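S.K.: Sequence:
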Amino acid sequence: TKDTVTTGVAVAAGNTLIVVGGRYLGSTGDTISSVTDSKSNTYVVDIAGFGFPNTERLGVASGYMTTALTSTDTVTIQWTNASANSYFFAQLTTYSVVASSSAKDQSANATAFRVQADGITSGPTGTTTQDSELIFGVLAVESATETISPGASFTMRPQLRWASSLVSGVEDRIVSSKAAYTATGSWVAGNQQELGICMTYKEAAINPVFEYRVPMYT
2 TKDTVTTGVA VAAGNTLIVV GGRYLGSTGD TISSVTDSKS NTYVVDIAGF GFPNTERLGV
62 ASGYMTTALT STDTVTIQWT NASANSYFFA QLTTYSVVAS SSAKDQSANA TAFRVQADGI
122 TSGPTGTTTQ DSELIFGVLA VESATETISP GASFTMRPQL RWASSLVSGV EDRIVSSKAA
182 YTATGSWVAG NQQELGICMT YKEAAINPVF EYRVPMYT
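Residue numbers (this note's numbering): 2 to 219.
Keep in mind that the hints were calculated from the coordinates and are not lab data.
Worth double-checking, as some hints may not be accurate.
[Stated by the list, open to error] For each label pair, taking beta carbons as the anchor points, the in silico distance ranges come out as:
(1) 191 with 75: 18 to 28 Å
(2) 192 with 41: 44 to 54 Å
(3) 124 with 191: 21 to 31 Å
(4) 130 with 49: 36 to 46 Å
[To be verified] Calculated lysine-lysine pairs in the DSS-like style (CA-CA distance at most 25 Å, straight line):
(5) 40 with 3
(6) 40 with 179
(7) 105 with 179
(8) 40 with 105
Note that the structure is predicted; figures quoted are calculated from it, not measured.
Backbone N, C-alpha and C fix where the C-beta goes; we use that ideal spot for every residue, glycine too.
Take the sequences, apply the hints, and build the full model.
M.R.: If you want it as structure tokens, here you go:
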């Protein structure tokens, strides 16, 4: 089955759209098979499916906009278990700094039942391969009454409350050095099943530096 959503805002050509898709299926096996939009931009599925045991599944895809999207264009997330009815959600975030091709670098994901004091964590990614990268985190708690706060140095984007059983949000930051990165956050109270995904995306080359060599004569 598939989930089709309207963008709601224009997305400029040259930007990258990162799509977080979620599905409540009661199965651990479902994954995102593809993402498309109504202007035929190309998307890469970066995390096909990850989630809570036997309930919600989340995935992440990214697409470079060769053709701009208007606020009435649509994005469609296709899931592998096409026959099952389900609850769906999608969160779309656009960035102007991501490389136009081969943008995905490192990733990490983790889920556990944790006490409130321990917070949410994705676990560390591998070491990034370039200095300037976008760190993109997906955080979720299996309780729709919670509010998620971002980890240190992250900015939290609007959160979604889903099917009366989950709150999910995305956070991001720009880094300038090679390292392993972790998406972290916290919730309000109590012990909860939590989930974290961390993606790193290479930034586009901005103001490249050219080296000039002056011939020397003896």
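S.K.: Mind listing which of the numbered hints don't hold for this structure, in increasing order?
M.R.: Hints 1, 4 and 6 not satisfied by this model.
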